[in-house]
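Starting from the two chains in their separate frames, assemble the complex, guided by the hints.
Protein chains in written order, with this note's numbering: chain B, 1 to 314; chain A, 1001 to 1371.
Below, computed lysine-lysine pairings styled on DSS-like, alpha-carbon distance capped at 27 Å:
#1 A:1029 / A:1059
#2 A:1073 / B:124
#3 A:1059 / B:124
#4 A:1208 / A:1029
#5 A:1247 / A:1327
#6 A:1178 / A:1029
Calculated directly from the structure, the hints in this document are not laboratory data.
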Amino acid sequence: MARRNPSTAAVAARSPLTVALQTGRRLAARVPLHLALIGLMVLWSIPTIALLVSSFREATAIASSGWWNAIKEPLDITVDNYQRVLEKQGMARAFFNSIIITVPSTVLVILVAAWAAYAFAWMKFPARNLLFLLMVALLVVPVQMTLIPVLRLYTNLTIDAELPILGGRIFGTSSFVGMWVAHTAYGLPFAIYLLRNFFGSLPRDLFESAYLDGASDLGVFFRIVLPLSMPAISALAIFQFLWVWNDLLVALILLGDPDLAPMTLKISNLVSSFGTNYQVLTSAAFISMALPLVIFFALQRYFVQGILAGAVKG
Amino acid sequence: MATVTYDHVTKRFDTVVAVNDFNLEIPDKEFLVLVGPSGCGKSTALRLLAGLEEITEGKVYIGDRLVNNVAAKDRDIAMVFQSYALYPHMSVYDNMAFGLTLRKMPREDIRQRVDEAAQILGIEELLKRKPRQLSGGQRQRVALGRAIVRDPAVFLLDEPLSNLDAKLRVQTRAELSKLHQRLGTTFIYVTHDQVEAMTMATRIAVMKDGVLQQVGTPQELYDRPGNVFVAGFIGSPAMNFFQATLKGEGEETHLDMEGFRVPVPASRVSDLFSYRGKEVIFGIRPENICDPECQPAGTNAAPVTAMVDVTEVMGSEVFLHLVADGKPFLARVDPRTSARPGQEIRVEFDMARMYVFDAETEQAVSRGEKR
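So here's chain A without its partners, still in its complex pose (with noise of 0.2 Å):
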């Protein structure tokens, strides 16, 4: 049990900076799930927490310890690795009691350790097996019995459910949930994947070339982003994004696409007071499009006439991509909607779900209320 800080760290390979002036208090107990981009130096902030890379600058604190110069060993810490990393010429049960044997625990403890881990994880039956004979969620299985034996103050996890398939993914990460409140203990959790961040996630952190740019819980990330990069990364399917021009005063208040113009509702006027006549980007999620002809967006509804250019159907909503003006977005409507490719159709933004950028920093200059 321990809470995990990053004091100020940054981590560079020769001249490539990965991780870059990074800040994170991770309280005690908590799953936080770092996301991000391929390369975008999560991977590299979890192994130096890790201790299998050496910190370039700051401190890492585990507890109110400081870890910097602790081997990887000594920081009381277990990680499941995306490929699994299970010692191939061991069995399943040599590869959970590995490190209990190394630590020189008595092999009576290692027994009962290895039997309660494996029966939480419901692979008793698997024990004498090598990982060659196992199944792809099986071995993912063995790896977390391995970290879970250890009994760590902080578990690691890199991208481990990306070697699953689709359907084994799904029933693992609420699996991974359940451990994590069954063991009571801090979880780091690695991923590109933002539904596993949004599904298992006690608070996320999203980080892009190195930086942190936002933490908040799933909701508050979706609610409120930061930033273009967070609005758009976070969502699924991402955020549309137009360059606008805001203009007009008071109520007349709008932002102008060049070629159609949606209306600022009154109680976001105040917020963009300073950006009366200049650039911004503004982002509207697809859920917050409607086809009004089976579910009207509410009072703050902006009419906008688009062509429809590719309908996807999900069976529960259907994914409409639109072009106003030429430029492209996607809507996600009720599946009832009788828009065909090709035809030109009304929807409605619902503008009180608006968010709008500053068009040079990306930062949020208006978004939803808290919730």
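Bound-form chain B, shown alone (with noise of 0.2 Å):
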């Protein structure tokens, strides 16, 4: 009878064992990067959390006690703040005022640079990168340094008119109008640059197959361009929102009329006013934040979308 080859059996005892050890090693390397992560996310939540539970919380218990306190049993919580402030301090008024301002803001961005990017990206025409560039350059501009000039042609230009909801003015300083105009123009440079390198790195290929298929250039827009960059959109929306949604600046140079203030400017005069009890701006920050983290939830699934893969070969 054969013998059985003794390093054989071995090497066959062995290799379930060094798999089970290369797994665990594996983990292993990976236990401090997630402990990294997870320390990172709390630290950045804390405030948020904080904020939010201070929110629900009377005003003595504020000020005699750390928010974690409101926690223990039994739950000592309120929605007083949130009644005071949207009904007397005129924070649902700012709430809604801070949509009509964003809303638009952030779709004509949109849609603007879109047309721009693709111009930009697929058409030719003369001083096409020229113009470009200058787009580009104009990213280096600060906001402040605009406020005066812009201020000044808004009171030249200013159009009254009586509109429900919107307020006196059709055009120019305390306008609804005149800050969608703004903010688009301010937007437009850094949209149109994520766009355009965004746009231009779509293969050439799809474009051709494209014509050959029988669109044109608005039906290749529309068609292929569109629901291909969705990632970049969104993410450029979100961007987009963010910054019309917390701007303070503008909305406080441009907007002299208390009854259109969006809520940063509300807040703001809030803390001039009530710096002192400040379970009111728990609540009204809480009430800035809560469309922010809706929009992101809901637009964040494209950003990790690789809705390119499969174009062409990869």
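The structure is reproduced here in structure tokens:
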């Protein structure tokens, strides 16, 4: 009878163990990374959570103990702060104003920038690169420098008319349209830059193939470019939305009418008048955070979606 | 169904001439392969026909229609790109239907056409998938399918097999030939691979530096290349070339390679009459150099002694890298050969299959008979 080869047996016995060890080592190598990530996440979330919890506490409770005490039994929470801030301080109207300013400013930027970026990336016209360069150069102009010229321009261009909801003006200072135009203009250089680079990286063959299939420039734009650019466009939408939503400076300069003030302006006024009892501020701040969070969670899946995979041989 | 005519077509990009005075008539139902090294203008020639590039000079006709100023989408052509260019956000079905939808074809007709094309290509079960869920070969089929459903007058294919692995490429080659027969449409196919050109083409057009070198059936180009470039490009492994001087008279006529000489067969002497005493380029294909031990070269055999540098065993044959008097050349011999690296052996050139080219113009002076 042939003897069993001892070394083969040893190898057979060892291999599952080796595999297990390797997997273990791989996992162990990841532990520090995961710990660091979790640590960062907690660190970044605590202020937000503290704000949220505080906004539901009584004024006296906030003044006397730390926010984490709210979680003990029995739960001492209240919605008084929200009620007060929304009803008495006009925060509801400010929230509404913020939306009226932000949504069109975001949509306009995307619409205009997408058209411009498509032209810059794929259409041939004279001085294309020079124009694009000028556009990019605008990125370095600080907003502060433009405020006074824009304000003077707006004062000269003021058009008055009684409008429902939108206030007493069509254009100029203290008008929503004026805010839309200003925010769109401020947002365009970056938006065009971002989208042009994204459009430019789409494979040329796709466009040519679509032309041969009978698509016009419009058709290519709507049927090929836009669907493929959802990651870039949603990224842009989130950026632009947050910028406009969180903007205080432009609103402060261009919006004189307190009825039209967005939340940033309102909260900053609250700080000066309610600086000491900040339970009102916590709820106001949280209201202003709520919508950006919703927007972010709604669009974030486009960020990670590798929609281009499979376009060309990969 | 249509003929395609290039009439003195030139394309310049700034100062670079990509296609230079290109003349070619492609009859209906032909499978024409445009072949040449990269940068020779073959793809540009195809794109001029597709309408993706503007023609600088000359005229292009599809059928009887001058298409210089006709938009790409109205030229009744379909193109398959090297990258396939599938729309990544659309399903296979929508990819194939895209062109028909834009042309406002009724939904039912579109379905019928797509199903038919899918059946021809064997991709019925893939119609609901997205391009990223397909393998390279499947994507290539979808790209073909997208062209088929359009039922175009001319099919343009720009290196459609380059992204496939070697085995799939061989298989797809045969399928493309079959597809051409089945559809009975004019195919214009661009490739840098002369094997693809030889295996599929009805006729081959060889290009170099924007200039059309020669047009003919694969066998014609192999047997009777018009110049040194075509001779070297068609056939694998490539033809051997030697700088030579034509010496002697009558039956004594021979090619002198400074070191060894080979006699010119009597039937070819008249071709070379005016080259006596002059420099020429002598060409012979590796398959026309034999190892006399296993396969003699026939009545016009010219013995040459050479050192074996490297041997490459292919199984069905052996490639011998040989050196005779400092001049390297390649022989394709019977696998039974006893030649080993470092040995000196005697091989035979089959002079009936020799080629002679003008040393300056590189045009063919003497080449084989028409088969």
